[in-house]
Amino acid sequence: MLDNIKPKEATAIINSLLGGVVPKLGVQHITVGRAPEIEAFVQALSDVKNGHSMVKFWIGDFGSGKSFMLHLLNTVALKQKFVVANADFTPDNRLYANDGKAVALYAAIMDNIAIQTKPEGGALATLLEKWIEQVLTKTSEQHGIALTDIRDKKHLPKVQAAIMQTIQELTDVGGFDFGTVVMKYYEGYITDDDLLRRHALKWLKGEYRTKTEARQDLGVREIINDLNFYDMLKNFCRLFVSIGYSGFMINLDEAINLYKISTGPMRDKNYEKILTIYNDCFQGKISNFFINFAGTREVLENERRGLFSYQALKSRLETNKFETSDLRDFAQPVIRLLPLTHNEVFVLLQKLKEIFDFNYGSQLAISDADIHAFMEEMFNKPGASEFLTPREVIRDFLNILSLLRQNPGLNKKKLFGEIQIHDERPNESAVDALVDGIDVL
Amino acid sequence: MPPARPVPDDDSVIDITGLFERLAVANAAPPPPPKPKPSVYVESYPGSGTMIYNYNYYYQEPPTLGATYGEKLGLTPRQVTWLDKFYLPTNNTFLAIEPALQATLLLYLAVLPALDQQLKRTGTTLAKEAKALEDEAKHIAYQEGYWYQNHNRGGKAGTDIYLAIFRLCENALRLHYDYTRKGSKLFPRQIARLEAYFQQQLGQRIAALLPTLLPHVPPPGPEAELIFNEQAPQRWKPYFERLTKLLPAKVPAFIKAVEQLLKANARNPTRENICFEAAKLLAHPDREAALRMYLRYLHDGSNWVHIKPKTLPKGLDKVLFLQTEHAQRFTMIVNLLKLNDDRKTALEKVSTVYAVERKKIELDMGAVQAARQQHAGTVELLNAYLQDEPAPATPSATTPATPKKKVKAPALQASAIVAVPPKNATAKATKAAKTSAETAASAGPAFAPGLGLNAVQQDLLQLFAARKLALSQAEVEGFAKRRAALRNQLIDGLNEACYELLDDVLIEETADGYAIYAPYYQKITA
Numbered sequence: 001m002l003d004n005i006k007p008k009e010a011t012a013i014i015n016s017l018l019g020g021v022v023p024k025l026g027v028q029h030i031t032v033g034r035a036p037e038i039e040a041f042v043q044a045l046s047d048v049k050n051g052h053s054m055v056k057f058w059i060g061d062f063g064s065g066k067s068f069m070l071h072l073l074n075t076v077a078l079k080q081k082f083v084v085a086n087a088d089f090t091p092d093n094r095l096y097a098n099d100g101k102a103v104a105l106y107a108a109i110m111d112n113i114a115i116q117t118k119p120e121g122g123a124l125a126t127l128l129e130k131w132i133e134q135v136l137t138k139t140s141e142q143h144g145i146a147l148t149d150i151r152d153k154k155h156l157p158k159v160q161a162a163i164m165q166t167i168q169e170l171t172d173v174g175g176f177d178f179g180t181v182v183m184k185y186y187e188g189y190i191t192d193d194d195l196l197r198r199h200a201l202k203w204l205k206g207e208y209r210t211k212t213e214a215r216q217d218l219g220v221r222e223i224i225n226d227l228n229f230y231d232m233l234k235n236f237c238r239l240f241v242s243i244g245y246s247g248f249m250i251n252l253d254e255a256i257n258l259y260k261i262s263t264g265p266m267r268d269k270n271y272e273k274i275l276t277i278y279n280d281c282f283q284g285k286i287s288n289f290f291i292n293f294a295g296t297r298e299v300l301e302n303e304r305r306g307l308f309s310y311q312a313l314k315s316r317l318e319t320n321k322f323e324t325s326d327l328r329d330f331a332q333p334v335i336r337l338l339p340l341t342h343n344e345v346f347v348l349l350q351k352l353k354e355i356f357d358f359n360y361g362s363q364l365a366i367s368d369a370d371i372h373a374f375m376e377e378m379f380n381k382p383g384a385s386e387f388l389t390p391r392e393v394i395r396d397f398l399n400i401l402s403l404l405r406q407n408p409g410l411n412k413k414k415l416f417g418e419i420q421i422h423d424e425r426p427n428e429s430a431v432d433a434l435v436d437g438i439d440v441l
Numbered sequence: 001m002p003p004a005r006p007v008p009d010d011d012s013v014i015d016i017t018g019l020f021e022r023l024a025v026a027n028a029a030p031p032p033p034p035k036p037k038p039s040v041y042v043e044s045y046p047g048s049g050t051m052i053y054n055y056n057y058y059y060q061e062p063p064t065l066g067a068t069y070g071e072k073l074g075l076t077p078r079q080v081t082w083l084d085k086f087y088l089p090t091n092n093t094f095l096a097i098e099p100a101l102q103a104t105l106l107l108y109l110a111v112l113p114a115l116d117q118q119l120k121r122t123g124t125t126l127a128k129e130a131k132a133l134e135d136e137a138k139h140i141a142y143q144e145g146y147w148y149q150n151h152n153r154g155g156k157a158g159t160d161i162y163l164a165i166f167r168l169c170e171n172a173l174r175l176h177y178d179y180t181r182k183g184s185k186l187f188p189r190q191i192a193r194l195e196a197y198f199q200q201q202l203g204q205r206i207a208a209l210l211p212t213l214l215p216h217v218p219p220p221g222p223e224a225e226l227i228f229n230e231q232a233p234q235r236w237k238p239y240f241e242r243l244t245k246l247l248p249a250k251v252p253a254f255i256k257a258v259e260q261l262l263k264a265n266a267r268n269p270t271r272e273n274i275c276f277e278a279a280k281l282l283a284h285p286d287r288e289a290a291l292r293m294y295l296r297y298l299h300d301g302s303n304w305v306h307i308k309p310k311t312l313p314k315g316l317d318k319v320l321f322l323q324t325e326h327a328q329r330f331t332m333i334v335n336l337l338k339l340n341d342d343r344k345t346a347l348e349k350v351s352t353v354y355a356v357e358r359k360k361i362e363l364d365m366g367a368v369q370a371a372r373q374q375h376a377g378t379v380e381l382l383n384a385y386l387q388d389e390p391a392p393a394t395p396s397a398t399t400p401a402t403p404k405k406k407v408k409a410p411a412l413q414a415s416a417i418v419a420v421p422p423k424n425a426t427a428k429a430t431k432a433a434k435t436s437a438e439t440a441a442s443a444g445p446a447f448a449p450g451l452g453l454n455a456v457q458q459d460l461l462q463l464f465a466a467r468k469l470a471l472s473q474a475e476v477e478g479f480a481k482r483r484a485a486l487r488n489q490l491i492d493g494l495n496e497a498c499y500e501l502l503d504d505v506l507i508e509e510t511a512d513g514y515a516i517y518a519p520y521y522q523k524i525t526a
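Chains as they are written, first to last, in full-length UniProt numbering: chain L, 1 to 441; chain H, 1 to 526.
One or more of the hints may lead you astray.
Covered, in the sense of this in silico footprint (three residues per stretch, anywhere, with C-beta under 8 Å from a C-beta of chain H), are these stretches of chain L [what the hints assert, rightly or not]:
| # | stretch |
| --- | --- |
| 1 | 24-31 |
| 2 | 38-44 |
| 3 | 60-69 |
| 4 | 74-84 |
| 5 | 346-355 |
| 6 | 400-414 |
Chain H is nowhere near these chain L residues, computed Cβ spacing over 12 Å in every case [stated by the list, open to error]:
| # | residue |
| --- | --- |
| 7 | A123 |
| 8 | I256 |
| 9 | K269 |
| 10 | R305 |
| 11 | V334 |
| 12 | A365 |
Listed below are the simulated DSS-like cross-link pairs for lysine-lysine, each with C-alpha atoms no more than 30 Å apart in a straight line [said to hold, decoys possible]:
| # | chain 1 | residue 1 | chain 2 | residue 2 |
| --- | --- | --- | --- | --- |
| 13 | H | K314 | H | K250 |
| 14 | L | K6 | H | K468 |
| 15 | L | K153 | H | K481 |
| 16 | H | K359 | L | K414 |
| 17 | H | K349 | H | K318 |
If you're looking for bench data, these hints aren't it; they were derived computationally from the structure. Glycine is no exception: its CB is placed at the ideal position from the N, C-alpha and C atoms.
Looking at chain L on its own, in the form it has when it is part of the complex:
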């Protein structure tokens, strides 16, 4: 039975899943077998909304649904008035570096900043303008200037002073330059200087590579770099909260790329940065900040190169020793995503069939026994035990439903028999071998 699904949600679900991506709408209707994880997450979100900060590690093997969970977190957080940013760790993006790779991660985060009305990212300018509006309102009230006059050039010093004061109240490190740049953004708006506004945005996004360039364009002495980008993220978090948002959530996927850093000391420095973030969040040094990391079991548990290779992190992230596969503890920083059981996949396919029928107003003759037969066929395909993922099961199931809807006379069993599954895992063996080789050297 369907739980209050809207037609728009049904369409989004079917269309997106047929394309192999997570739907933008109605994702809750296909979240099967993740009840405790969702409860843990919404609890964490609620805590962050109330001023706490949180770090969560979503750990699971290939196809266990890490990216789906991050997407769900994203959707819920946006609805809950969070500013959300997603970024992937890559060989060129990491938390600590001295060759611009850390600031590259920062730039990726800032580029992907999303809010409810701009869910696809690129919301930094909007947020900045929102905040400037607030400062203008405040300044006009403080100085008894009509809101209609406050944008006048003659009031610019007053507005600038207000911006600086607010920024200094909000920021710990780098506040002066941060405030100066925001002032430049406002100045650009008042003086109709679009270039100045773009320069200011460029600085805030961490896209300046040399101080000289930034000084020429904006008159600031400092730029956002590998060492100070985390402080800037904290500053932004406070700024977003001051605008009225519930908090700042950052989702960092593909943590395997930290694990793959070939030089041990550099890897350790990155893990040290995670430790700093972890401590800041759980020791209350920062408020309304929520950061999620997603990676495979290896990333966490590998004692040689994973997070557990860093003792301070290992002691913090170790599994509750009383936890078993039946008795799970979801309040830990590490949430392990176990693959869906056959029963859960069965329920998911039942739901999808219902949503499909609802969307097309059809009544396809697919019984529970047919779904069972489909599953058996899928799980008996060569390689199924190794690389069959829910994504592929769902896509094939919907493809078959789609064919049956348009060709009611088709033989279901024949269709089930024709399914072929493919290994969609990234080919990493060569890279791993290379990394291992370098490590040995």
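Chain L is fixed; fit chain H onto it per the hints.
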């Protein structure tokens, strides 16, 4: 007793008809039982290696080749004379193989008359050339400080020259039989410099004759093959290279040919390498055959105590073992083979590696029901979180909380845009503009109640309506400037105000501007 052969009257007639026939018949016969090895006397000289003499002939001359093979091969007196020119060189692994020796002798006997005939056409004879070469040999030996005598057969005339011709034949036959071990040098070191002159006088002619004669030499028989392969362990490689052309089209033929090759290499100490190479080549066209070959490689390799067996290349793993179970099953067979040394059983079990075991999926209806209930709970929980929050109030103008304190999130501002006149306009103009805007808004279509749109937002929507619901960035920027608003904030404010009603974004960014989806516009103006 070999059949009698007609002897030609004229020695100048070259007749090699039937010369190799008896050898071919002998080679095709099954290998004779191994004879007991003759007793040998081994004498070592310090620094000069080990020399082996036949003990029986130590104090007397050994029988000549002519005496040994004249009757056996049905040779003419002249051919016997040619054979008697030298003794059979000792310490020669190739000539120690009887069929190889006989083939070499016959080839030598086929070359000589042809060579003699060629020389006669140029006004000389083989005997004359041999004499001239021998004189040159004496001269060279004298220059080198040695007393020259024919080394092979104590002073018999022309021995070294005929032996060199014989060696040329031997070397050609070695190549013909893919017997890659090196042959001996043409002349002893005392007259080594004679080789250049020999090649010039006779060698080049012989080299030209050999290709025409070699095809008449019958292939070595099975016994000879076994010995060749034992003595030249890499001899299988060129043959194997030719076999690869059978793949991927003719897998059974390839396997059959490899089996034959393995049979011919039964005494080859490194025969397992044939299996290994075959396994590599068969991986793509026939996985089971490849695994069988690899098992044979593991089984036939005799020295795994000291040498680690080679593993198949990593790249083939993905071809041979598409699933982890395949690799696991094969590893089990390998382990059993190591344990029991039972090749037959192991080879039989290979067919089970790729056998498809159909798994039954057992569904627990109780667990399914529980999963459904849990899912219903999840949907309910998420619906609560995903439902749209009430429209946020106008932001307060109070100073934001300090970072040291817990930041209390103020309600979000949805419509912070206040309609203001252009920057340099007077207050009066401002008022007039505001009035005008508001009038314009009120004159347009009525927007859904509860949206709380201000005049600027309504004006922008009307501007959209006037431009078929699409505006360029420059147009929106111009509008925002005229109304003293910030472009992004203006769009965002409108989107936020309408989000609850639409459950989606009203104004979407396009490549070069903004657009409103028509049904959404109708919905907000309804």
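Hints broken by the structure, by number, lowest first?
3, 6, 7
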